[in-house]
Amino acid sequence: AQGVLGAGVDKGTGTLLYNLASKLKDQKRLGFLTGYIAHKKISTDLQLNAALDYVKSHPVDPISTEEFEWQCGVGVVVSPEQIEDTVEAIISKHKELLLKERYRFNMGLLMGEARNQLKWADGKIIKNEVDMQVLHLLGPKTEADLEKKAKAPKQKAAVENEKVEEAVEGDVKLEGKSLMEQLRGEAMKFHKPGENYKTEGYVVTPNTMTLLQEHLELTGGQVRTRFPPEPNGILHIGHAKAINFNFGYAKANNGICFLRYDDTNPEKEEEKYFTGIRDMVEWLGYKPYAVTHASDNFQQLYDWAVELIRRGHAYVCHQRVEEIKGHNPPPSPWRDRPTEESLLLFEGMRKGKFMEGEATLRMKLVMEDGKMDPVAYRIKYTPHHRTGDTWCIYPTYDYTHCLCDSIEHITHSLCTKEFQARGKGTVCCNACAPVLTPYVLCRDWDDPRLFTLTALRRRGFPAEAINNFCARVGVTVAQTTMEPHLLEACVREVLNDSAPRVMAVLEPLRVTINNFPAPQQMEVKVPDFPADESRGSHSVHFSSTVFIEQADFREVTEKGYKRLTPDQPVGLRHAGYVISVQKVIKDPSGKVVELQVSCARADAREKPKAFIQWVSNPLRCEVRLYERLFLHKNPEDPSEVPGGFLSDINPNSLQLIEDAMVDRSVAGAKVFDQFQFERVGYFSVDPDSTESKVGK
Numbered sequence: 001a002q003g004v005l006g007a008g009v010d011k012g013t014g015t016l017l018y019n020l021a022s023k024l025k026d027q028k029r030l031g032f033l034t035g036y037i038a039h040k041k042i043s044t045d046l047q048l049n050a051a052l053d054y055v056k057s058h059p060v061d062p063i064s065t066e067e068f069e070w071q072c073g074v075g076v077v078v079s080p081e082q083i084e085d086t087v088e089a090i091i092s093k094h095k096e097l098l099l100k101e102r103y104r105f106n107m108g109l110l111m112g113e114a115r116n117q118l119k120w121a122d123g124k125i126i127k128n129e130v131d132m133q134v135l136h137l138l139g140p141k142t143e144a145d146l147e148k149k150a151k152a153p154k155q156k157a158a159v160e161n162e163k164v165e166e167a168v169e170g171d172v173k174l175e176g177k178s179l180m181e182q183l184r185g186e187a188m189k190f191h192k193p194g195e196n197y198k199t200e201g202y203v204v205t206p207n208t209m210t211l212l213q214e215h216l217e218l219t220g221g222q223v224r225t226r227f228p229p230e231p232n233g234i235l236h237i238g239h240a241k242a243i244n245f246n247f248g249y250a251k252a253n254n255g256i257c258f259l260r261y262d263d264t265n266p267e268k269e270e271e272k273y274f275t276g277i278r279d280m281v282e283w284l285g286y287k288p289y290a291v292t293h294a295s296d297n298f299q300q301l302y303d304w305a306v307e308l309i310r311r312g313h314a315y316v317c318h319q320r321v322e323e324i325k326g327h328n329p330p331p332s333p334w335r336d337r338p339t340e341e342s343l344l345l346f347e348g349m350r351k352g353k354f355m356e357g358e359a360t361l362r363m364k365l366v367m368e369d370g371k372m373d374p375v376a377y378r379i380k381y382t383p384h385h386r387t388g389d390t391w392c393i394y395p396t397y398d399y400t401h402c403l404c405d406s407i408e409h410i411t412h413s414l415c416t417k418e419f420q421a422r423g424k425g426t427v428c429c430n431a432c433a434p435v436l437t438p439y440v441l442c443r444d445w446d447d448p449r450l451f452t453l454t455a456l457r458r459r460g461f462p463a464e465a466i467n468n469f470c471a472r473v474g475v476t477v478a479q480t481t482m483e484p485h486l487l488e489a490c491v492r493e494v495l496n497d498s499a500p501r502v503m504a505v506l507e508p509l510r511v512t513i514n515n516f517p518a519p520q521q522m523e524v525k526v527p528d529f530p531a532d533e534s535r536g537s538h539s540v541h542f543s544s545t546v547f548i549e550q551a552d553f554r555e556v557t558e559k560g561y562k563r564l565t566p567d568q569p570v571g572l573r574h575a576g577y578v579i580s581v582q583k584v585i586k587d588p589s590g591k592v593v594e595l596q597v598s599c600a601r602a603d604a605r606e607k608p609k610a611f612i613q614w615v616s617n618p619l620r621c622e623v624r625l626y627e628r629l630f631l632h633k634n635p636e637d638p639s640e641v642p643g644g645f646l647s648d649i650n651p652n653s654l655q656l657i658e659d660a661m662v663d664r665s666v667a668g669a670k671v672f673d674q675f676q677f678e679r680v681g682y683f684s685v686d687p688d689s690t691e692s693k694v695g696k
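According to the working numbering, the sequence shown holds residues 1 to 696 in order.
Certain hints may be false.
Stated by the list, open to error - Just the calculated beta-carbon pair ranges, DEER-fashion:
(1) T339 x Y626: 55 to 63 angstroms
(2) L619 x G590: 28 to 36 angstroms
(3) A21 x G233: 35 to 43 angstroms
(4) E270 x L109: 57 to 65 angstroms
Simulated from the structure, these hints should not be mistaken for lab results. All residues carry an ideal CB built from backbone N, CA and C; glycine is no exception.
Make a model of the complete structure from these sequences and hints.
Laid out in structure tokens, this is it:
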């Protein structure tokens with residue numbers, strides 16, 4: 001560019017050149033477009049974007065100057081008269097509605113039509129013309145024009161439930177766009193299947209177009225994605241977003257998604273992780289098109305590694321791991337060793353002639369984060385869960401990931417932000433041508449205080465709520481930090497509509513009704529969803545002995561306290577009775593252990609200030625109440641927690657209540673069934689429940 005432009009470059013031209021250099025990596029095309037910018041033939045962002053689209057659509061073919069200039073508006077001049085006439089015609093078309101709605105009319109509609117008809121006109125000039133002609137038609141804004149438009153009233157049901165989502169053909173719709181709508185929208189930003197070469201930074205080789213054509217013939221142009229977890233741990237809430245993004249993108253665009261285990265590190269992989277991962281994917285509502293493993297391709301990956309060496313793109317290195325850590329390690333003294341030497345040494349690595357750490361195979365490339373020559377193969381004398389001791393060298397993620405994507409004909413390799421720096425997979429694929437580029441604080445990883453998916457399921461979080469949360473986070477490449485209460489809000493929204501209500505008391509106080517109105521216990525009908533009794537009910541026992549929460553009785557009536565005291569009656573929810581204290585019984589220490597009361601029908605006396613939950617002939621259960629695992633928001637931040645995160649553990653993160661009581665309607669509940677204990681909160685049946693002990 002310097003040779004064409006000389007020393008003086010105006011601001012507009014400089015900006016266009018900067019944008020060009022940041023978006024186009026093809027040096028041949030870069031020089032071609034630089035000339036057009038330098039000679040002012042391309043002078044707007046609109047023209048530059050059109051030029052970039054054109055050259056990306058013709059990565060190999062010679063460029064037709066005539067066609068290129070027509071596509072980019074080179075030499076096109078739009079006169080003021082053309083702009084005036086076009087805007088006048090558009091306003092005339094919408095004149096009736098404009099006069100009716102005046103300045104509340106969507107002026108963007110006028111701009112959109114004008115821009116479509118005057119593709120190469122200056123947008124600012126078009127806007128000025130639209131504003132001027134609208135003002136001429138409507139006159140200045142009046143006080144009525146300046147008044148805010150009244151919002152349409154919410155439907156009563158929506159206000160009562162405070163719902164922000166609705167079911168739409170199995171999709172979840174939030175206040176903005178549903179997840180499927182977002183992902184269908186993302187399709188507009190991504191390349192179409194077979195158009196990889198149009199993406200920014202894609203390197204085109206002589207084989208690219210032939211390979212893409214073969215790829216299209218095999219896939220039929222279908223979107224193909226994959227969720228590629230490493231089976232060395234438990235999935236967490238961040239994985240839920242990746243699952244939703246990969247499976248959801250395929251679903252939203254009528255494609256398929258693979259579940260591929262990146263099982264390239266036998267030291268850390270266990271069978272429980274394989275089954276746990278698939279279990280969580282299916283729990284979230286997705287079914288893989290196929291379940292594959294990176295180890296399926298070990299032989300092919302090895303063969304391609306040999307090819308890399310032969311082409312001069314990889315070499316055997318003897319630097320130790322600690323020597324090449326970090327972003328500025330010393331260059332390898334073995335980088336330029338003869339190809340034949342590296343081939344022999346790599347074969348020796350496979351045959352077990354080196355100890356672990358004595359040799360690695362490294363690729364000759366620079367990662368996007370500046371890291372030089374990432375490791376492709378390392379030695380590990382650990383049997384693999386699927387291949388046994390067939391291999392003693394194993395490929396790394398940086399080497400394996402892109403190649404397995406190519407093998408499976410993945411059209412969209414969707415990764416989270418942390419993998420962006422590792423995005424030089426195309427180099428590896430091109431070099432292997434012909435290959436198409438595409439500490440224990442808790443009981444276990446399912447401890448409900450954690451944010452692993454198994455822990456969230458055990459805590460009672462519905463899969464639907466987690467999917468809703470992922471939709472609310474949205475589809476973005478921006479680094480986002482979400483507060484736990486936002487996830488919990490999604491959970492409450494789902495459980496409020498799906499968890500049946502039952503009565504339970506966590507700290508029971510015995511109550512004896514001296515004038516119980518029946519010779520034996522009665523059955524009381526309790527609605528599963530009091531706000532909509534048509535959704536079903538269950539029956540509970542009501543006898544002369546009931547249990548209430550200790551906190552629902554006080555010996556002294558205090559201001560604002562509305563529940564039971566010696567001077568203040570209280571109602572029993574759903575029973576239709578009000579109880580009044582006759583006698584307070586205490587143990588030798590002075591603790592209240594029993595109340596003797598009288599009862600009267602609720603419709604035969606003054607309405608009490610409050611109604612409380614109760615149980616009679618209940619089921620005893622163990623209840624666990626969970627709080628945050630750490631005391632501070634950022635336990636690893638030394639400015640907040642100087643003593644380190646271990647010093648920040650919340651000693652009250654788990655409260656165990658062994659003698660809680662719940663009505664017997666839950667006796668047949670299955671593991672993970674969810675309930676709302678009235679006036680207490682949401683609970684789920686724990687997996688360690690037994691016939692003699694129900695845990696919640």
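> Is the distance from the Cβ of L619 to the Cβ of G590 consistent with 28 to 36 angstroms?
Replying inline: 30 angstroms, holds
>> Quick check on a hinted range of 35 to 43 angstroms for A21 and G233, using CB atoms only.
In response: 41 angstroms, holds
>> Tell me if the beta carbons of E270 and L109 are separated by a distance inside 57 to 65 angstroms.
In response: 59 angstroms, holds
> Is 55 to 63 angstroms a correct range for the gap between the Cβ atoms of T339 and Y626?
Replying inline: 59 angstroms, holds
Hint compliance for this structure: every hint is met.
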